[in-house]
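Protein chains in written order, with our numbering: chain A, 1 to 210; chain B, 1001 to 1225.
No wet-lab data here; the hints were simulated from the structure. Predicted, not measured: the structure shown is a model, and the values here were computed from it. Beta carbons: idealized from backbone N, C-alpha and C, even for Gly. Hints are not guaranteed to be accurate.
[To be verified] Some chain A residues judged to face chain B by a derived CB distance under 10 angstroms, without partners named:
#1 P7
#2 I185
#3 D193
[Stated by the list, open to error] The following label-pair restraints were derived from C-beta to C-beta distances:
#4 B:N1064 with A:A115: 20 to 30 angstroms
#5 B:I1085 with A:S108: 56 to 66 angstroms
#6 A:L121 with B:I1085: 55 to 65 angstroms
#7 A:W14 with B:N1064: 27 to 37 angstroms
[To be verified] Derived list of chain A stretches under chain B, where covered just means 3 residues or more per stretch with a C-beta under 8 angstroms from a C-beta of chain B:
#8 36-48
#9 69-79
#10 112-123
#11 173-179
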Amino acid sequence: MNWSWIPAHGSEIWAYAKDSALLGITPALLGLVISLPLGIVAARWRWFNAPVLGVVSVLYAIPSIALFFALIPALGLTDTNVIVALTLFSLCVIFPNVVAGLHAVPDSVRQSATAMGYGALRRLAMVELPLAVPVIIGGLRVAVVSSISLTSVSQLIGVYSLSYYLIDGYQRQFPTEIYVALVLIIVLAVACDLVLVGVRRVLTPWMARS
Amino acid sequence: MSFFNYAWDWVTQSANWHGAGSIPQQVLAQLGYAGAALLIAALIAIPAGVAIGHTGRGAVVVINIGNAMRAIPTLALLILLALYITFSFLTWLVPLVVLAIPPILVNTYEGVAGVDPGVRDAAKGTGMTAWQQVTRVEVPIALPLILVGLRTGAIFVVATATLVAYLGLGGVGRFIFDGLDSYNYSPVAGGALVLMVLAVLVLVFFAVLARLVVPAGLRKQRRSE
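Using the sequences and the hints, build the whole thing.
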């Protein structure tokens, strides 16, 4: 471990860390944005659920690593390539949770809301979605942590991020770079995870603080 | 040309199907890495998940460890181990085991912890010992979820075993990394296609396995729901 290397490369490390954050967080957010409407439709009209879930479970099986390489002719060796591949992965993790979270809302609660004069849209926004928040955020947590962890292979298709230090450190037999990348990728993932736990607490003040 | 053109051209060349380093050989190597890792991960995660699900102790720890382990980038671990223990089987085995443990552990725990308390009490009431309760009631009931965990773990390791080739070992990644090194996209596309097919086969394998090993009583119950 060469400690002096770290401050000497501070600004470069920071830049790569920002790249990793962008590559890892964007797909999870895009996955959420796509999953919400799809999940709401699927939870309401069940016939829509089975085919989408089928597609999603096959997509989920398709490895992100394979997608990185498969998307090269279409998207080149670019950030977009990594983000599209990881968005597909996030979608597969988040969508089932949106459906499960909405299905888990008890019928009695739904009926109470209707009895209180809530229309379908207002009931969805004010009652059903808030109650589904913990399950949806559960999926989002897995998506963001896995995506950030998967950005560690981006350098293999020439996309710069902390992943660069893994490849460079291996080629130069210089472990310091590898430690820096490993630790920062984990810190980034854990930090995003904690932020989401915080968001869940804010959005669900009625839940026990555990 | 699109990905599928490249991949199809490469996969259908008969030269790629024979001799040293052919598709069947590298697929077998890949399945070897993945199978070994999945087996060891299962041997660690299933007993741990069952024990914690049964006793209810350490549940918070399981969920958090499961989540934290997901954050560990496999490639980083692989490269780090390669620098320190030049090419022993541990170099590829440890990162893949670390990758497979979280889904198996979390699903096994949730499966066992989610067994209906009434069923649990009934098992106890008929005079079953703790061991019998676990092996004859809780684990069979949890089996569908345990299989989901194993399936997810299998999908992860089968795909990620590709990275092992980056260290100069075999597997489907060989085609991908050699192709990238020589600026030849065909084997890269072919390797990626082989990976996708392997992943779908894993999915099918577990669907069949679930039919075979999940107790008939549980399956009937689900159909009637």
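message: Holds or violated: the 56 to 66 angstroms window for the beta-carbon distance between I1085 of chain B and S108 of chain A?
response: holds (59 angstroms)
- request: Could you see if the CB distance from W14 of chain A to N1064 of chain B stays within 27 to 37 angstroms?
  value: Taking Cβ atoms as reference, W14 of chain A and N1064 of chain B lie about 28 angstroms apart, which means the hint holds.
task: Answer holds if the nearest beta-carbon of chain B is closer than 10 angstroms to that of P7 of chain A; otherwise answer violated.
output: Since the shortest Cβ distance to chain B is 21 angstroms, the answer is violated.
task: Would you check chain B against the region 112-123 of chain A, counting CB to CB pairs closer than 8 angstroms, and say if three or more residues qualify?
output: Violated, because only 0 residues of the region 112-123 of chain A bring their Cβ atoms closer than 8 angstroms to Cβ atoms of chain B.
message: Please verify the coverage claim for the region 69-79 of chain A: does it have three or more residues whose C-beta sits within 8 angstroms of some C-beta in chain B?
response: Held - the region 69-79 of chain A has 6 residues with a Cβ nearer than 8 angstroms to chain B, which meets the minimum of three.
field: Coverage claim, chain B over the region 173-179 of chain A, checked by counting residues with Cβ within 8 angstroms (three needed)
entry: holds (count 4)
- prompt: Quick one: are L121 of chain A and I1085 of chain B within 55 to 65 angstroms, going by C-beta?
  reply: holds (59 angstroms)
message: Under 8 angstroms between beta-carbons, do enough residues of the region 36-48 of chain A, three at least, approach chain B for the coverage claim to hold?
response: With 0 residues close enough to chain B, the hint is violated.
query: Taking the closest Cβ pair, is I185 of chain A under 10 angstroms from chain B?
result: holds (5 angstroms)
- prompt: Using the C-beta atoms of N1064 of chain B and A115 of chain A, is the stated range 20 to 30 angstroms upheld?
  reply: violated (40 angstroms)
- prompt: Measuring from the C-beta of D193 of chain A to each C-beta in chain B, is the shortest one below 10 angstroms?
  reply: holds (6 angstroms)
Of the numbered hints given earlier, the model fails hints 1, 4, 8 and 10; all others are met.
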